[in-house]
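Participant: Okay, here's what each chain looks like letter by letter:
Number of protein chains: 2
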Amino acid sequence: MKKLINAAENLVREALEGMQAAHADRIRVSLEPFYAVRRDAPIAGKVGLVSGGGSGHEPMHCGYVGHGMLDAACPGQIFTSPTPDQIVEASQAVNGGAGVLHIVKNYTGDMMNFELAAEMLRAEGLAVETVVVDDDVAVEDSRYTAGRRGVGLTVLMEKLLGAAAEERATVPDLKRLGGLIRASGRSMGMALTPCTVPQHGKPSFALADDEMELGIGIHGEPGRRRAKLASADDVTTMLMEPILGDLPFRSGEDVLLFVNGMGATPLIELYVVYRKAAQIASQYGLRVTRNLIGTYITSLEMAGCSITLLRLNEQLSKLWDAPADTPALRWGYRH
Amino acid sequence: MKKLINAAENLVREALEGMQAAHADRIRVSLEPFYAVRRDAPIAGKVGLVSGGGSGHEPMHCGYVGHGMLDAACPGQIFTSPTPDQIVEASQAVNGGAGVLHIVKNYTGDMMNFELAAEMLRAEGLAVETVVVDDDVAVEDSRYTAGRRGVGLTVLMEKLLGAAAEERATVPDLKRLGGLIRASGRSMGMALTPCTVPQHGKPSFALADDEMELGIGIHGEPGRRRAKLASADDVTTMLMEPILGDLPFRSGEDVLLFVNGMGATPLIELYVVYRKAAQIASQYGLRVTRNLIGTYITSLEMAGCSITLLRLNEQLSKLWDAPADTPALRWGYRH
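In the order they appear, the protein sequences are chains A and Y.
As numbered in my numbering, residues 215 to 549 make up the first sequence, in order.
As numbered in my numbering, residues 215 to 549 make up the second sequence, in order.
Chain A extracted, bound-state conformation (with noise of 0.2 Å):
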């Protein structure tokens, strides 16, 4: 196992106290328990928007803290979920008085940790509600969870439901808004490669030189299927094929698309995705009038990509166009 770690036990502490030196200007930094929260969380009458998950998938969480995207993250440690006093103390702590949305993964521990959270949060007497984010077509159910995954809707959804609360929607409308951006988005990533988690050492699993495997979760979970290596252009295909038959896309919609790196792959090899994935959702009939191009939700250092297609209207594209100015994702300035 190569990595830039001290002891892998202090992977995410550590990685968090760089967050907070780095960006003392935009986030504060909880170690016990961890979360980030905005520096200027709780804002007075805006609902405070949090999600969370295991450590692994940076940029996300942790990096989409901020103004216009999420009030505050609780990552737990690598592939884990976080615990329930997290996401208690963390929505706590950006509670405004217009209640509380949490975003979550479709994964068994997030759903139950999140929810035991929410059930604490009530017996407060705070407003809590909760969106899923289930957008990956590859599998129903997986080794670790009922129903389909959440993928890479969840960078989309962060942005979006963060410009809305931006806006002072209140819980309902934000929680109507995220079922409506689940229902219009759909995702599938492969791996070339896979990662290794640190505390193990070892490979999440094994993929011969020539084989890759299609349909993969962000935490290494088996996929639809193992094959043969095959071209951009061709791998592209399997994944935009099973995205587009899902929802249906219908011809003459907007859409965005989201070409993401897993953690690995280069950049230049995205772009060789995108060119394709574009062209494809083009002979659909499809208009691309949004995109977003990079790593963005990771897998450590597993080599792949996924692809995510949501369908816009006017208020989701005009969200999307709203300022954000979060580490990792800075938004708004247009020349």
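A couple of the hints might just be wrong.
Since copy identity is lost for identical chains, a pair holds within one copy or between any two.
[Said to hold, decoys possible] Below, simulated SDA-like cross-link-like pairs (lysine to any residue); rule was C-alpha separation at most 20 Å, straight line:
#: 1; residue 1: Lys532; residue 2: Tyr547
#: 2; residue 1: Lys389; residue 2: Asp460
#: 3; residue 1: Lys216; residue 2: Arg439
#: 4; residue 1: Lys416; residue 2: Arg240
#: 5; residue 1: Lys389; residue 2: Pro417
#: 6; residue 1: Lys216; residue 2: Leu421
#: 7; residue 1: Lys532; residue 2: Gln497
#: 8; residue 1: Lys442; residue 2: Pro412
#: 9; residue 1: Lys216; residue 2: Ala420
#: 10; residue 1: Lys216; residue 2: Pro417
#: 11; residue 1: Lys216; residue 2: Asp424
#: 12; residue 1: Lys216; residue 2: Ala444
#: 13; residue 1: Lys216; residue 2: Asp387
#: 14; residue 1: Lys532; residue 2: His549
#: 15; residue 1: Lys216; residue 2: Pro436
#: 16; residue 1: Lys389; residue 2: Thr344
#: 17; residue 1: Lys216; residue 2: Asp448
#: 18; residue 1: Lys216; residue 2: Ser418
#: 19; residue 1: Lys216; residue 2: Phe419
#: 20; residue 1: Lys216; residue 2: Lys442
#: 21; residue 1: Lys389; residue 2: Glu528
Derived from the structure by calculation, the hints contain no laboratory data.
On the provided structure of chain A, position chain Y as indicated by the hints.
Facilitator: Only chain Y this time, still in chain A's reference frame:
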């Protein structure tokens, strides 16, 4: 070799087609010869900033074309210098009557081809000057380059000179400012793993499971020494000490601390490196008033990192904070 590509010989062209499809709102791409320019180029009365170099270092340089950074970038094939005709055409395309400045990393091929292009442009009556970047403290002369190689400081140079050019600094102003930046910044990198040039199909060098290379250049050239794997804190110390001692930096100075991933290194690890680097800078008496942490100048899928330290003055700090709007770096909106 596991890569998301089609035919290796089409990689650069297809990635440029992907950039064109994705960023037509910001840049225009020429495919014959290869270059990218700002969509609004040429800008009357503004010096045209042109850089370039081998591909495989993305987002550098094409990702930095846009308002507040470069006017044009010329990508060569992977790890191969751009040809003089690319540089000549790109320079002509961004000449708004105020002359052109070339930002050139100190690699023999880049130096030669930019110099040839500059001579051809001068023969046509265009005012062209050059700023060289040679910030790598690791080795004085390598297999590829006489003198020090240009590495991480290039990204900062493009941001800072880009901001000054936006304010209508003249060619002599920019050359002087580039000289100051060159004299004020130092870098050093390391690799945990090699990378594979697609057309070669094999890793550029071999490292045992318990080895790392200290002082690599961005093409995976040999570094200062090979060493046993060490903790992130120890690696950071091995990079920071040569940097600090070289300029030398002096207690009380303001600095920009840039921790860069070489391609495959997870962001969570870069924050662990940043944590230690900031501690060392602070113990040394430096005030880290600006920073940049992420994957900005790469060697394909190499795992490893580089650290760049730049001495700041008031002018450089202001230029750093100025807006930028490029595919890979968007800046300027502050909540």
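Participant: Check the structure against each numbered hint from earlier and tell me which ones fail, lowest number first.
Facilitator: 2, 4, 5, 7, 13
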